Each structure stands twice: as structure tokens, then as C-alpha cells.
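**Student:** Hey, can you piece these two chains together into the complex? The hints should help.
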Amino acid sequence: MINKELVIIGAGPAGLAAALSAYEEGLRDILIIERESKPGGILKQCIHDGFGLHKFKEILTGPEYAFRYIEKVREKNIEILTDTIVTMLTNDKYIKAINQEQGIMEIKAQAVILAMGSRERTSGGISLPGDRPAGIYTAGLAQNLMNLHNIKVGEKIVILGSGDIGLIMARRLTLEGASVKAVLEIMPYSNGLKRNINQCLVDYDIPLKLQHTVIDVKGDSRLESVTVAEVDNQLQPIPGTEYDIDCDTLILSVGLIPENELSRQANVQLDDITGGALVKDNLETNVEGIFSCGNVLHIHDLVDYVSDEAEKAGKSAVEYINQGKKWEKENIFVEPGQGINYVIPQVISKEKDQIFSMRVKQPDTDKTIKLFCEEEVIFEQDFDKVNPSEMIKIDIKKEKFKPLKGKSIKVVAI
Amino acid sequence: MKIQTILIILCFGKEFNESGGGFLESQKFDIVVIGGGVVGTAIARELSKYKANVGLIEKESDVGLGASNSNSGVVHSGFTAPVGSLKADVCMYGNSHFEEVCDELDVPFERVGKLVVALNKKQVAELYNMQYVGSMNGAELHIVGKDFIKEKEPFIDGKAAMYSPNSAITSPYELTIAYAENAHTNGVDIKLNTEVVEIKKKNTKFLIETNNGLFETNYVINSAGLFSDFIASFSGEDRYKIYPCRGEYYVLDKNASDLISRLVYPVPPENAGGYGIHLTPTIDGNILIGPSNEYINDVENEATTKEVMDQLIKEAQNFLPAINRDLVIRSYSGIRSKIVPPEIGGFTDFVIEKSPKYDNFINLIGIESPGLTSAPGIAKYVVDIIDKMENLQQDEDYDGKRDGITKFDQLTLQKQKELAESNPNYRDIVCRCENITKQEIIDALKNPLGVKTLKGVKYRARATMGRCQGGYCIARIIKIMQEEFGFDVKELKLESNKSKLFSGQAKGWE
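Residue numbers (my numbering), protein chains in the order written: chain A, 1 to 414; chain B, 1001 to 1510.
Chain B on its own, in the form it takes in the complex (with noise of 0.2 Å):
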């Protein structure tokens, strides 16, 4: 890079810090990306494929905790999106390079297919001005009869359906942590547990400042989700302002996976802006019922509702009967970072641009569906912003191969053999549901990020995840921490440093 000095990498300057009263060390970088989630890790990783010293700071104790871990993981094949807007290009440029994303970074990947499906003539209609949307942008659509759908789907009702053959589905939380893991490899420093207090003005560079510390940048990328319009006012761009909606789901059993083998929508709710609720296979093979599309006023407020879980029961069971409450393990909700109001709605497109203030400050605003299938292209567009601006080099020790945890589960009987002939650990199974051994749970713990927390196991192992969700394997998973890490029980956390998950020994123990 051009501003780019041995100074700057080597040392650590003394700044004043008006808060703390005092001059505080910060840390030097040439770009720092705000934001771990899908496309804050996504751009660290592109970035990392250039000499340049990147990095990433996120306030929660992993990557990928917000909308990241809590949207449909579906890879759309870009349908909804107007002709020759942003979301449209990046989201078929997202569909189409997923798989090899996937595929360097040992991350699931499937082509499943979507079904569109509609109830009723009115929809029906609607379903011919989609294929048309989505032809314009690229996409293969087709209009297929209830025979279609009747043997495709066997369990799903409908009058008539649009069939995308590119839609897919990947596991996002594996994907972010992916991303993250590969950045981090390739030397993109990541702190976690960072929240941004402010962001100063210092000649050309900005100065972050965060609970862990003070770092000087010549470039922020603002990929904050649900908190970019606040990173955003540090740079004068104060245009837009998010809407968090919130969307819940409902996970089912596996037992319930023969139900579908596609992803089944609605025809989407006029003037929603979201999909409607849907079906959902995971990666995984469990089901998922959502989301649902409600405006909150707590951009951090994840909790499920009553209402809307007889709702999501309710919508699915339309197109859905064989669905019931039995097959239902687990409810969560995502928030969608939404910047028009409830009142105005509709589409609205990303907003990824410079800064009116400052070219060198990039603010990513409005990233909602399709954020994940986009995730790839954003990347390479915010990227593409600053080599315009720097002309980066291309670094020669750039490894974009990732090897994610192996899942003993998932391999073939005769590797399984092999494998548990060479380590004792992969014949301990830990989680009785998924089947995942000791070794995947110390692979989980030793992850290249540093997180020790349980539900740092939990999206990078599967623990807790199936239909017991934990009963089973937590007591084992602490066991693991206690003797093979060295944790107190105190120190044990669910994911925040204050979601400590137990309040000691038992009397008379210590």
C-alpha cells in the first residue's frame, strides 16, 4: 500500500486518550473491519489476500453471533431483487461462486432447490412476475403444476409452483467461522470481545476507540449490522437509520427430515420485504419453520414469542399439515437490519459506499436477506472500492484452503475404522444425538480464534445442537474443559464473559 510504512507494522504509537485520562498504546493497522459477522469476515478474508495489514474487531466472544447464526442459511438464486440493483448483482454472483467458496473453505454446501409454492390463483399469478424478476437477473425458473410438486414434495400442498434449481443451502455459522479462521490464517488480526466507544478523525487515519483497546486504521469498513448506522454517524453519515425486525424460527427433530427434501416458500406477503415464513432443510438435516417478519424496538432484543411460535406452526401447517408442535427441539430468533420503516417497507437496496465525509471510511448499511448469499461479492465489491483508492498487491503467501473439524458422523464406515483405530477420541462419542466424538469437541476448543465458550463448541462442533439440545453432552463437554483445558467451573461461560454458566462447586468441594 501506498501510505503504507515499516513504522506503521512495526510499532506501537502513544495516543491521548480523553476518556481513560491518559496516553494509551493503540494498535496499527492499514484497514480495520467492523463487524464480525458472514460479510465483515468475508471482506477480512478477501483482504487477506493482499499485502496489507487488516483487522477485524467484534464485540461478541465469537464471529458470526448475530444475524450470521440466525437466518434460514439458505443461498438464493436471486429472483426477489430488482433488475440491476446492488442486491441483485451481488446476489447472483454470491449464487454462483457459493460452491467454491464452500469447497476451499470446508464448508456444507448443497444444491437443493427451491419451490415457490402458491395456494391459490392470485398467487399463481404472482409466482409468472417473479420468474420474470428473476429471469431478467439471470436466474433458471420454472413454472411447474401440482404433478410437480406432488412428486418432487409428496408431504407439500399447493396449486401450483416456481422451481429454482440453483437454490441452495450451507451451514452460515461454519461459514463465518470459516471465513474468520482463513482470515485469521492469513494474518488478519481478530479481537474479539471488542466494542467500538468512538471513532476519531487523526489527520488522514481514524482512531478506534473500544472497550479493548485503541486502534489507528487509514481505512474502516463499517460491516456492523445491526449497529452500522452508529459506526456509520463517526464518518457524518447520518442518512440512514436501521429498522431491526425481527424473525423467528422454529427447529424440528430429524426425525421429521422426510418431510421435504427442497426449501418450500409462500408466494411472499405483498409490500413484507422478506420471503414469508418457509420451509427450510438445513445442512444438517433438521427442518427449520420461519422467520417471521416483525419490527422491534430493541436492535438486540432475540427473544421469541408466544404469538409468533402458534403463528409459525400456524403458516406452515397451510402448505405443511404433516407438521405438528412434537417435532419442534428448539426456537430462536435473527434480527433483520432493516433501513426503511414499517410504514414505507418494500425493497431497498445495500448500501455500500464511501463515506460523504471520507473516502477512506466504507460504510456497509441495510445488509439483510440475501446477506448471506451475497456475502461473497460484497467482499469483492467493498475490496474492489479500495484498490481504486490504493492498488493493493497481491500477496504471494495468500492460502485460501481452510480444513474445518472432521465429522467423524459423516465419514464412511471404513474411515470411521481408521480413524478411531489411530485416536482413542474418535471412540468417545460425546453427543449422543449427533454422534460427535471427544475429538471433535477438543478440535472445537482448540479453534484458531481462541473461543472457549460452549456455544463456541456448539456452531463449530454440532454439540448441543440436536434433539436432547445439551441434556446429554454438556456435563461431558465440561469434563472435557475441566481435564483437558484446565477451566474452573467458574470461569465456564455460555458465550459472553458475564454468561457464566454455573455459580461454583458443591458445598464442602472447595
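This is chain A alone, in the form it adopts within the complex (with noise of 0.2 Å):
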């Protein structure tokens, strides 16, 4: 059995930048560990540009964005076992790994960060009908595979949901001379970023088909065509829409799904509709001692706010390390109201500044973001326009918490 004091679990931007964040509070017996033969998490396929503007104030790739973490982790001397699967999580901080060179680990920590990221969701998680050929793929797969394994999946596209990858590959394919005849959205708006709908869509002539999904997949062996209909608002498709389109594969960027399938071993109390931990202010799980940042808390469309918020979780786990539980404090639940979709963290302490994150439900104009506990507003903000694809966080002083009587607060966007 192996001690440590700090485990993290993963080596993407939220393992990172957890470790060095532990790193800086004085912390040095840091593990990371790291399923794939290189650390950066999914930013080492994310081979285009646009990341790290907020962090660092400079547009940088993927690779770019991983490389500056990574660099300052080797310079510290911090210890990463890379190709490395964690097989097991106990809730008493128990751990059982694998690798090449040391086949079977079990190791005991004071403190885990939970930092796995999120898988994609599939065909089957959409309940995707019709056939089932070769030629369909999710499109954090076909990225995987053209960027990091020089592997083109197809030549005519058609891209079934406009989150963010989704977008970012019908760029990359249609430069790899690949034709993508439309990208399909159910919903009437894009859950992509704008600024992806102009240089990926609009750049590139690539249709944005909103309130249209695949209603029939064809194809005995490779995928020959899909029938796209055009849905109601709600999401059912209309009959008379129909028609076929030519194409020999279709994408997914149909969502991201929390991995949280170690957390669950270890008892992590997971919220229903992010997919994520419940957690405290202090990112700490229901499990005392495991924390949990970046996109197996909760999916996130920036990766600096993944690292933000993995600083936070690196900080609070030494201050665990360092002095023990700690979480006993008069403390107030915080809910989703009126428009808001959730709000992280779900449980704050009146005795700490505090950064909400959160997502509205839908698009829209004109709303204020209003805090309340019984009654008493406790902030208000006013935006011109909310989008779901576009966290929201907001920064409150510990000094509104105080005088508060209730035991929870409520966010609404009305």
C-alpha cells in the first residue's frame, strides 16, 4: 500500500492546475494520475485556437493551453503516472490503479480530487433510430482520431447537434476535404459558443439547420443516408418535413456526460441534472476529504473556468490536509429557481466569499439574475442577453451572508 497525501485523479486542465494550486499552498506529496500516455486531457486534440483568453489574456490552442500547466507541474517536480486507469474508489480514500510498469497499485490518500472529465454522450443515449452501419461516430471520437491519429472518418458529413466539438469538426473536416452538408440542431438555438457558429458555420457555408433532427438512419453496412425532419417545439418531428440526406457519416454533438463512475464507488452524492458531485463551497463532496472540479462536476463551455475552479479545489483540499474536517458550520443550501437550470455550489458557508456558477434554462433577453433567501434579495444583476451555452458566475461578499435567517437561497433569472 502506498501513502499520499493529495491524489488527483486525472491530468486535464482541472488535474492540473488542482496539483499546482496545491503545489502553491505548500502541499509537495501530490500524485496525479493519468489514464492516457501524455497528460493535457482533451485539450491535446483540441488542436484549434480560442482557449485561455480569460486566464491568460492570449488566444492559444488547445496543446498550447495543456502545455503551460504541464510545464509548470515538471518544473515542481510533481509526480504524474501516466497510463495509469484508477479501477477503484473507496470512500475512505482507497485506491486501486494499474499500469505497464507497476501493474496493480493500491494507494491510500488523505485527500482526493476527483478531476475525470466527461465522456460524450452516444447514439444510444439519444436513442438514436434506424440502422446501425459503420460510419457514426461521436465527435470527440472523429476529433480523436483525425488530430491525434491522423485517421479521416468519413467524406460526406452530416453533424447531428451544434455543441461546441460538434462545430469545431465540421471546420476540421471540411479542411481535410470532407464535405459536411449541414449541421442539425433539435433545439431552436445552438448550444455551441457564437463565436464557434461564425468561424466553423458561417465561414465555411456549412448550413445551421435549428429545430431539425435525424429521424432515420440508413445504410446496410457504411451509413448511405440520414432523414432529417424538422420538430415541433415540442422536439417532436413534423410530419411532411422529411427528406433524405447523402452521407456516409454522421456526427454526435449531442452533450457531455460527467464521468463520474469512480465518484459513485465512493459514495459521491451526484446532482440530477448537472451529472456532477453536489458539492460545498469549498468543492468538497457529501464524502469527506474528495473534491471535484472541471467537467466531472459539471460541464463547462470555457477551460479557463475549469481551471478557476480546479485552483479552488487544490486549495481546499490541503486546507483539509492541513486541518482536518472542518465543515460543521452553520451553512445554507443553495437551489435552482425560475429559469436557472442549476446553480454549483449547491451548499455554502456564511463565512466565505462566495463564486456561484450557473446556467440559465433557455436563451433569451432582458432578465435580471436575482439571489433570495426568504424573501430578502440578496443580489441582482441585470443581463441584456442569457444563453445556456454561456456560464454565468457571480461573485458575492461573505458580508450578505451574515445577517441571513434562512436556510436556503434561491437564484432565478426572471
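Since the hints were made in silico from the structure, they are not lab data.
In this text, all values refer to a predicted model and were calculated from it rather than measured experimentally.
A few of these clues could be false.
DSS-like, lysine-lysine: derived pairs with alpha carbons at most 27 Å apart [to be verified]: (1) K315/A <-> K280/A; (2) K1490/B <-> K44/A; (3) K1254/B <-> K1415/B; (4) K218/A <-> K1306/B; (5) K38/A <-> K1306/B; (6) K4/A <-> K1202/B.
Listed below are several chain A residues computed to face chain B (Cβ distance under 8 Å; list not exhaustive) [to be verified]: (7) R28; (8) I98; (9) E155; (10) N198; (11) Q199; (12) L278.
From chain B, some residues computed to sit far from chain A (all C-beta separations above 12 Å) [stated by the list, open to error]: (13) M1130; (14) D1147; (15) T1185; (16) T1204; (17) L1207; (18) Y1243; (19) F1347; (20) E1390; (21) Q1393; (22) T1406; (23) P1424; (24) A1506.
All C-beta atoms, glycine included, are put in the ideal place defined by N, C-alpha and C.
**Tutor:** Written out as C-alpha cells, the structure reads:
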């Protein structure tokens, strides 16, 4: 059995930033476990630019952004075990991991940071109807094959879902000589960033079909065509609007799911809406000494915010290691109300300044975000535009919480 | 065999091929089984116990790619088929011998038991009818009340149930592969990607023309499933027509596996000729919802549909309200080869008989559920028919033991450590959802049948069957296929030769 003060699961942007912040706080006994052969997580395959504007005031590619952190982690000699997969995590922070060099390892940690990221929703997850031929890939897999393995998945492409990876892949495949016929989005709005819609679709004349979905997939061996239909406000296909698109590849960009299988093993309680852990304001889960950050906590639109969040998790883990259990003070629950899909953290202490991350339910204009506790408004801010694809962050000083009598805060967009 | 001569075994004769317009070499067999489903492979393996030159031809790129890989994986205890029917007999034989077969072939098997749940008074009465029929067949069945249901299956709603302790589950695709591999080891020549074009009578023998060569054989065993009526037509058998009946399924995430631990069935809908949409815990720890029951026109239309998928969730929620769509990781469908049209419906028996014209052409028609359970019994039954004509001789070299791929994730920690110590490929986890190691992928690719497709890996090692459906492991499996087996990107296939996975390398790479 190996003993470690802090074990971080995942060396993507969250894990790397968490490790560095724990180091800055004075901790030295840190181990990052990474299942891939290189650190960097999903950034490795994100060879497009647009990362780091908030964090570094520069526009970087994914690998460049990751490298800023990897370089520092190496300088500080923080230990990373790559090609190592964690197969078990318990609530007393026992970890079973396996790799080529050491075989099976058993590790006991004082604190654990969950930074496993997310996986893609699949054709099964959206009950895609029709045949099951070759040529149906999730966008992230197509991106991985393209950018890390030099494999081009197909020539005539339809993309279902207008998430950011789907938009990026529309451009990427076009640049590789494929013909991207359309990007279909079942909702009346895209879940991708506006700049990606402009730079990846508009600039290349790729049509974005809002309120459209795939209702049939045809192909005996390789995909031959998809049948597309317009949908109504209940997302049901409208009869008579169907038409076929001839294609050999269907790329799915239909959402990310926080990868919390290890968290479940450790009895970490999950939020039904985010798919990530329920966390306190120090990003600690219901299991003492286990923290969560990055896409495994909730899906982020900007990696810069992942880094911010992970730094907080790193700091909190060190506080926990140095001071032990300290979460007994008076606390307040935070709940999403009208117009708000989710808010993180779900539990806060009155003693600290707080940053809330939240998403609205649907795109809208002229909205006011309000936080209140038993009729008393703690905070309000007007927004010209709100969009589910853009996370809203709100800072509130501790002085605002101290006088509160109630046990819960509601967040609304009205 | 009486008619077997050294000449037939050793020589390839020359036959005139009308369509090809020339003389083609034909391969000679004593017996050819057409169809590599669970029944065809079970027959091939049963035949391999005897001294006979046996071939099996399958039109797909692997065995078991038809109904055999897309059913519930249930080993039935035999309470639906009427007493005295062939179906009841082979099903009962199968249920009592299944564990032994799975043990020999290293295939997972678990006697989990089944609850047929009645939701109203009328259905409760139906339970007693089923119990009566089943008991006559020799099945052990108990009528149980609400408390029993709640105790055994706390998430299930129901008024009363019939409990069948002998109902079991297995892995239908692993079993089919195992039967085929063991048959292959014992000398059966398995021809994949081989589709029958025509069968001609030549003296006392048959000449089977395929897209992959000509085969001459003394006996034809038609186990072609959905195509058994087409194959039967070459034997003068035209009384049966296959009516394809599609069943769609949902597969749930393993996170939902605690919801049931036994098979949970509804009381079958009247005259459906099926079991109704049920819940099946799979041997791998998922739950299946399905199958639906829908007659279709195209025997190969394995599509899933929005309407039926909506219906599956709705009907499953009738007795398991905790089920929801977020738990779904996959949908698929399988096609039953029924021999009654929908307007007639109801029970029909398996047809397993010599063709009206030729004693040495045996047709198996309408082998739908419980075909998986019945496979061991059907194999015996068919071989008995031949034995009565040929007096088959035991082959002393026959070895019925087959070892499957070692499943790392299912071993004890101690055993895992030992394996990891001795072989670095066991330290490399390729599939994160199912914890499948690189060695298992390599073992799957080195399979005795020579199947080198992504689906071949899927059905042998379970890779891509987990909740991420290959999002993580496909790139890794492709790398193994390229690096360890020398595959070119353009050669990689999902299953059939036409199902190319990728269009090629990225720009500037070649």
C-alpha cells in the first residue's frame, strides 16, 4: 500500500491546475493519476485556437494551453503517473490503479480530487432510430482519430447537435476535404459558443438547421443516408417535413456527461441535473476529503473556468489535509429557481466570499438574475442576453450572507 | 460413414459452373450446415463428435450476427409451449443441459430465476393456466403473492406472480462463438462471408454454389434462420414461408443493475406468440428492456424506431416505475423467423424434418424463441436423424472443452496481480467502462475463426459494449489492430467487407 497526502484523478486541465494550486499552498506529497499516455486531457486533441483568453489574455490552442500547466507541473516535480487507470475508489480514499510499469497499485490518500472530465453522449443515449452501419461517430472520437491518429472518418458528413465539438469538427473535416452537408440542432438555439458558429459554420457556408433532427439512419454496411425532419416546440418531428441527406458519416455532438463512475463507487452523491457531485463551497463532496472540479463536476464552456475551479479545489484539499474536518459551521443550501438550470456550489458557508457558477434554462433577453433568501434579495444583476451555452459566474462577498436567517438561497432568472 | 470415401475427403473434384461458365473446383464434405447462428453452430459442434467431414457456411463476417446476438439471452424453463410439442421437448432438454454445455465451453451461465408478473385479476388467472401447461412439461413453477415479489424484487410492482426458479441467463453471442470455435477445433471447416446462391442435386449428393466457391456434400442441414425458407426451396420444400417479426430492445447502464436481479416478465399478451416486453438482467450486468413484436417486410431490416422505443419505456415502467430514458446506453433489434402470418398468430412448433423430396436434406424452419435454450436439444435431435441413416462413428479425438478469453475484470485481486505480473498486456486497460485489458483485445483478434472486425472484438471481449459505446476504446483498439496486426486504416471494418470504418488517412499523411 502506498500512502499519499493528495491524489488527483485525471491530468486534464482540471487535474493539472488543482495540482499546481495544491503545490502553491505548500503541499508536496501530490500524485496525479492519468489514464492516457500524456497529460493534457481533451486539450491534446483540441488543435484549434480560442483557449486562454480569460486566464492568460492570449488566444492559445488546446495543446498550448495544456502545456502552460504541464511545464509548471514538471518544473515543480509533481508526480504524474501516466497510462495508469484507476479501477477503484472507496469513500475512505483507498485507490486501486493499474499500469504497465508497476502493475496493480493500492494507494491510500488523505484527500482525493476528482478531475476525470466527461464522456460524450452516444447514439444510444439519444435513442437514435434506424440502422446501425459503420460511419456513426461521436464528435470527440472523430476529433481524436483525426488530430491524434491522422484518421479521416468519412467524406460526406452530417453533424447532429451543435455543441462546440460538433462545430469545431464541421470546420476541421471541411479543411480535410470532406463535404459537411449540414449541422442539425433539435433545439431552437445552438448550444455552442457564438464565435464557433461564426468561425466554423458561417465562414464555410455550412448550414445550421435549428429545430431539425435525424429521424432515420439508413445503411446496410456503411452509412448511406439520414432522414431529417423539422421538429415542433415539443421536439417532436413534424410530418411532411422529412427529407433525406446522402452521407457516409454521421457525427454526434449531443452533449457531455460527467464521468462519475469512480465517484459513485465512493458513495459521492450526484446532482440529477449536472450529473456531477453535489458540492460545498470548497468543492468538497458529501464524502469528507473528496473534492470535485472541472467537467466531472459540471460541463464547462471555457477551459479557463475549469482552471479557476480546479485551483479552488486544490486549495481546499490542502486546507483539509492541514486542518482536518472543518465543515460543521452553519451552512446554507443553494437551489436553482425559475429560469435557472443549475447552480454550483449547492451548499455554502456564511463565513466566506462565494463564487456561484450557473446556467439559465433557455436563451433570452433582458433578464435579471436574483439571489434571495426568504424574500430578502441578496443580489441582483441585469443581463441584456442570457444563453444556456454561456456559464454565468457571480461573486458575492461574505458580508451579504452573515445576516441571513433562512436555510436556503434561491437563484432565479426573471 | 458408409458413403464416405478417401477420394471424397482428399480430392477436390471439378464441376461445371453454369453461371461462371467454366469448370470450378469444389470442396467436398459429408455434411454441410448452412447458417452460423446458435443452432447451426450447435449442430456443427454436435457433428464434430463423430467421424465426418463437416462444413459450416455463413454469409456474414462472423457467426451469430443474426437473431443469435440480438435476443434476450434467456434460458427458458419451458412453460409456454404446449405439452408434447417438439418445442417443449427441446426446450426442456436445453434447460436441463445448458449449465453443462456452458461449463464445457467456458461460457457464463446463471440460474437467476424468473417472475411472470400479473398486474390485474385477469392476468392472475392467466398465471394459473401457464403454471398448468408448464407443470405438464415438467417445469418447476410456483404462484406467489405480493409479499414474495416485494421481498425478491423491491422495485417491481405486481399483484401476483408465477415464479420459475430454473429460468436462467447466458451470453448468446459468447455461446455461439464458443460452439463455433469448439466445432472448428474438432475439425469443422467454418466458411464465413459465404452466401448460398443455389443448391443443385447431383446424383445422391448436393452441389452448393456460393459467392465463395462450390461445395459438394452428402447432407445439407438448413439452419439458415430468416433465410431457411429460401434454402428449403432447393429441397422441394415450399410449404413454409418466413414472416420476419422484429423485436426492439433497450440496453440500460450498469448503474441501473440493482433495479432487478431476476428475469421479470409480464403475462404474455393474448395471441402474440411472444412473451411481451420484459426486463432481463444480462449476464454482464446490464438490464434489457424488450423485445417488441412487429411483423416487417424486409428480413434484414434491423432498424430501431422512435415509436417502439417510446413504447418500450412506457411498458417497462408499468411494472418497474424507476426506469427512465437517461439509463439507456443502446438500442438494437433482432428479427424472429416466424412461420405464421400476423393475422393467424399464436403458437407454432419448430419444423425440423427431412425435406419431402430428399432424406439427406434436413430443414430447420421457424426456429424462433426459445431457439437459444433449445440449441443443445435441436443439435442432438438433428444429429439423431442423420445417425439413423448413417450410423455415425464416434471420433476418439473429439475434445469438447473450450477455453474462452480470460476476463481480467472478473478475477480476484490476487489472480489479477499474478496475471499483471506475468504479462504487461494485462496492465493496460483499453476499455474504461468494462475494464478490458489489451491482452483481451489481442486474444479477441487472434480468435480461431479468423474474424478481424471491430464487431468481432465487441462480441468476444465486450469492448465498445459499455456506457461510452466505444468513445474511449475504439481509437485504442484501432491502434492495436494497426500496430500488432499490421492493418491499414482503409482495411478496417465494422463487420461485413463493405462496412469500412474510415475513409483513409488525413491530408498530407500518405
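**Student:** Now, for every hint given, state plainly whether the structure supports it.
**Tutor:** These are the hints, each one checked on the structure:
For the suggested pair K315/A and K280/A, the alpha carbons sit about 14 Å apart, so the restraint of at most 27 Å is met. Taken as a hint, the K1490/B and K44/A pair is honoured in the structure, with Cα atoms around 25 Å apart against an allowance of 27 Å. At most 27 Å may separate the alpha-carbon atoms for a hinted pair to count; K1254/B and K1415/B meet this at roughly 24 Å. A threshold of 27 Å between alpha carbons decides the hint, and for K218/A with K1306/B the separation of about 14 Å falls inside it, so the pair holds.
Taking the CA atoms of K38/A and K1306/B, the gap is near 41 Å; set against the 27 Å cutoff, the hint is violated. A distance of roughly 77 Å separates the Cα atoms of K4/A and K1202/B; the hinted pair therefore is violated under the 27 Å criterion. Because the smallest distance between the Cβ of R28/A and any Cβ of chain B comes to about 28 Å, over 8 Å, the interface hint for this residue is violated. Here the hint on I98/A is kept, as its CB sits about 6 Å from the closest CB of chain B, short of 8 Å.
Nearest Cβ of chain B to the Cβ of E155/A: about 5 Å, under the 8 Å cut. The hint holds. At a threshold of 8 Å, the smallest CB-CB gap from N198/A to chain B is about 24 Å, leaving the interface hint violated. The restraint placing Q199/A at the interface with chain B is violated, with a minimum CB-CB distance near 20 Å, outside the 8 Å limit. Here the hint on L278/A is broken, as its CB sits about 17 Å from the closest CB of chain B, past 8 Å.
Interface exclusion of M1130/B from chain A stands, the closest Cβ pair being 32 Å apart, more than 12 Å. Consistency note on D1147/B: stated as away from chain A, and its beta-carbon is indeed over 12 Å from all of that chain's, at 30 Å minimum. The claim that T1185/B lies off the interface holds: its Cβ sits roughly 30 Å from the closest Cβ of chain A, which is beyond the 12 Å cut-off. Residue-level check passed: T1204/B sits 38 Å from the nearest beta carbon of chain A, beyond 12 Å.
Against chain A, the non-interface label of L1207/B holds: every CB pair exceeds 12 Å, the least being about 29 Å. With 12 Å as the threshold on Cβ separation, the claim that Y1243/B sits away from chain A holds: the shortest Cβ distance comes to roughly 21 Å. Listed as a non-interface residue, F1347/B keeps its Cβ farther than 12 Å from every Cβ of chain A; the least gap is roughly 31 Å. Its beta-carbon lying about 39 Å from the closest one in chain A, E1390/B satisfies the requirement of being farther than 12 Å from that chain.
Remark: the non-interface label on Q1393/B is consistent with the geometry, its nearest Cβ contact in chain A lying 43 Å away (cut-off 12 Å). For T1406/B, the non-interface assignment is confirmed: its Cβ lies about 15 Å from the closest Cβ of chain A, beyond the 12 Å cut-off. At roughly 5 Å from the closest C-beta of chain A, the C-beta of P1424/B falls inside 12 Å, breaking its exclusion from the interface. The beta carbon of A1506/B sits about 4 Å from the closest Cβ of chain A, which is not more than 12 Å, so the claim that it is off the interface is violated.
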